[in-house]
Amino acid sequence: MELYAAVDVLEGTAVRLEQGHFERRRDYGDPVALAERFAAEGAPWLHVVDLDGARRGRPQNRRVVERIAAAVDVPVQAGGGVRGAEDVEALIGCGVRRVVLGTTAVEDPSAARELTSAFPGLVACGLDYRRDADGSLEVAARGWLVPGGRSVPELLGELAGSPVAAVVATAIDRDGTLTGPDTEGLAAVLAATDLPVVASGGVSSVDDLRALAALEVPVEGPAAGDGQEERRYRRLVGVIAGRALVDGRLSVREGVAACARCG
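Going by this note's numbering, the sequence shown opens with residue 1, and the numbers climb by one from there.
Calculated from the structure, these hints are not laboratory results. For every residue, glycine included, the Cβ atom is placed at its ideal position computed from N, Cα and C. Accuracy of the hints is not assured; some may be wrong.
[Stated by the list, open to error] Derived CB-CB ranges, DEER-like:
1) 251 - 71: 19 to 27 angstroms
2) 194 - 24: 30 to 38 angstroms
3) 29 - 121: 31 to 39 angstroms
4) 114 - 149: 13 to 21 angstroms
5) 173 - 58: 23 to 31 angstroms
6) 118 - 27: 35 to 43 angstroms
7) 207 - 231: 25 to 33 angstroms
8) 11 - 187: 35 to 43 angstroms
9) 249 - 85: 35 to 43 angstroms
10) 251 - 173: 24 to 32 angstroms
11) 132 - 73: 39 to 47 angstroms
Please model the complete structure; the sequences and the hints are all you need to start from.
Structure representation (structure tokens):
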């Protein structure tokens with residue numbers, strides 16, 4: 001499991017939102033400087049989000065994302081306002097390693113499948129979810145402002161078989177709260193897809209990262225030589241940490257070590 005250090009950009013500033021509420025923000029200064037700090041401290045990945053773009057449906061902080069990609073030597077995963085092939089091409093062209101589709105993946109899975117096929121291994125799909133009263137997981141779109149009209153299993157089913165680089169699963173109610181990750185919800189995501197899953201939301205400590213590194217979901221496997229079914233497991237491939245890093249609750253070095261697979 002790899003650590004993704006988050007840099008969320010709103011109005012040109014590095015911020016953290018609480019549960020996706022734009023009015024509940026904390027400012028952390030220059031996003032390029034923050035990205036450089038994370039990279040210098042050993043972050044394997046940076047996860048950069050254009051929050052204005054996610055809310056308005058078109059890129060708003062593209063120049064900031066370009067500057068980050070040019071300033072660091074680690075791979076950058078970026079999203080927010082990505083709607084079509086031109087957006088993907090522009091981000092890849094400026095040095096972004098992986099582009100995240102959010103609203104497009106939720107509202108038009110067929111278009112998402114086309115984009116992932118056109119850019120195999122370069123496009124991830126954001127799956128931002130809220131837990132309903134009955135425990136089911138429903139995806140959200142447009143900067144988390146509106147319901148996506150699909151459950152998590154439904155959306156994952158529509159993306160099955162496409163060359164998605166990763167599914168970035170964010171527990172909205174945990175994001176920016178430092179209340180711990182939604183391990184139950186993430187286990188449900190792992191169980192519902194064969195695609196690689198990157199977790200996001202609620203990470204506050206080394207212990208949280210260790211818990212996510214140890215999270216595993218059994219899957220059916222082929223029969224072993226003795227005729228018994230082979231036991232296999234699916235695990236997370238990555239985790240995004242944001243507020244815990246910028247608030248000093250967790251260092252990048254500690255996070256990288258904790259993300260090493262347990263067991």
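Each hint tested on the structure:
Look at residue 251 against residue 71: about 21 angstroms separates their beta carbons, and that is inside 19 to 27 angstroms. Range check, residue 194 to residue 24: about 36 angstroms between beta-carbon atoms, so the 30 to 38 angstroms window is met. Range check, residue 29 to residue 121: about 33 angstroms between beta-carbon atoms, so the 31 to 39 angstroms window is met. Look at residue 114 against residue 149: about 20 angstroms separates their beta carbons, and that is inside 13 to 21 angstroms.
A C-beta distance of roughly 27 angstroms is found between residue 173 and residue 58, which places it inside the suggested range of 23 to 31 angstroms. With their beta carbons about 37 angstroms apart, residue 118 and residue 27 fall inside the hinted range of 35 to 43 angstroms. Distance hint check for residue 207 and residue 231: the Cβ-Cβ separation is about 27 angstroms, which falls inside the suggested range of 25 to 33 angstroms. Taking the beta carbon of each, residue 11 and residue 187 are about 36 angstroms apart, inside 35 to 43 angstroms as hinted.
In this structure, residue 249 and residue 85 meet the distance hint of 35 to 43 angstroms, their C-beta atoms being roughly 39 angstroms apart. Separated by about 26 angstroms at the C-beta atoms, residue 251 and residue 173 satisfy the suggested range of 24 to 32 angstroms. Residue 132 and residue 73 have their C-beta atoms about 42 angstroms apart, which keeps the hinted 39 to 47 angstroms range intact.
In summary, the structure agrees with every hint in the numbered list given earlier.
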